[in-house]
Amino acid sequence: NAGVTQTPKFHILKTGQSMTLQCAQDMNHGYLSWYRQDPGMGLRRIHYSVAAGITDKGEVPDGYNVSRSNTEDFPLRLESAAPSQTSVYFCASLSCTDTQYFGPGTRLTVL
Amino acid sequence: AQKVTQAQTEISVVEKEDVTLDCVYETRDTTYYLFWYKQPPSGELVFLIRRNSFDEQNEISGRYSWNFQKSTSSFNFTITASQVVDSAVYFCALSELGYQLIWGAGTKLIIKP
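Taken in sequence, the protein lines are chains L and V. At position 3 of the first sequence (counting the first as 1) the number is 116 in the numbering used here, and the numbers step up by one without a gap. At position 61 of the second sequence (counting the first as 1) the number is 1319 in the numbering used here, and the numbers step up by one without a gap.
So that you can see chain L by itself, here it is in the shape it has in the complex:
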């Protein structure tokens, strides 16, 4: 039982490039979410999904897209990266005790 996994751990992009951050969970949790963490800003929710086929916007969705084709995976896509998207990204799943468990994070730099 790996919990929540994220790949890659680190990545550097150039402005305008696209990329997909991967999130996978093996706990059969319905609710998954993406957060970004920036210095002095705490964590902010980008997108979330309550079940396969259902996604919704969080607090800071602009510039990001998500899809949920199955229970396990919840990829986050940056279509045209901007320096403002330099951040640490966390994926989280919600357990049956209403606790969110986080993946190890992806540190993304956009030059």
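Hints were generated in silico from the structure; no laboratory data involved. Misleading hints may appear alongside valid ones.
[To be verified] Selected chain V positions facing chain L (in silico; Cβ < 8 Å): (1) Pro1299; (2) Leu1303; (3) Phe1305; (4) Phe1312; (5) Trp1324; (6) Gln1358; (7) Leu1359; (8) Lys1370.
Ideal placement from N, C-alpha and C gives every residue a C-beta, glycine not left out.
For chain L, the structure is supplied; the task is to place chain V on it using the hints.
Leaving out everything else, chain V in the frame of chain L:
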């Protein structure tokens, strides 16, 4: 509106001292959850505790203890006999149904040997 305030930006203590991290929250709901997470220098977010609004019992887990007081809307975290490994950023968070987490800004705890 919901809000979580961690007024202490950074705390520095010497090893073996006790330290309390403050958390004050605002919510209009009667049903909610409060959480503490730890973020060590390695960067992962580690869940420490969850409390629901109907359970005001204090909790102790080893050197960690939590004091939840609805009357003052506070959920404070105490580390007894601190150790260098406790050095981390600690976040307090609030949610009303476990879905949307509202985060405090975090308190950076430095334990000096």
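Do the hints match the structure? See the list:
no. : hint    : in the structure
1   : Pro1299 : violated (13 Å)
2   : Leu1303 : holds (4 Å)
3   : Phe1305 : holds (6 Å)
4   : Phe1312 : violated (13 Å)
5   : Trp1324 : violated (15 Å)
6   : Gln1358 : holds (7 Å)
7   : Leu1359 : holds (6 Å)
8   : Lys1370 : violated (23 Å)
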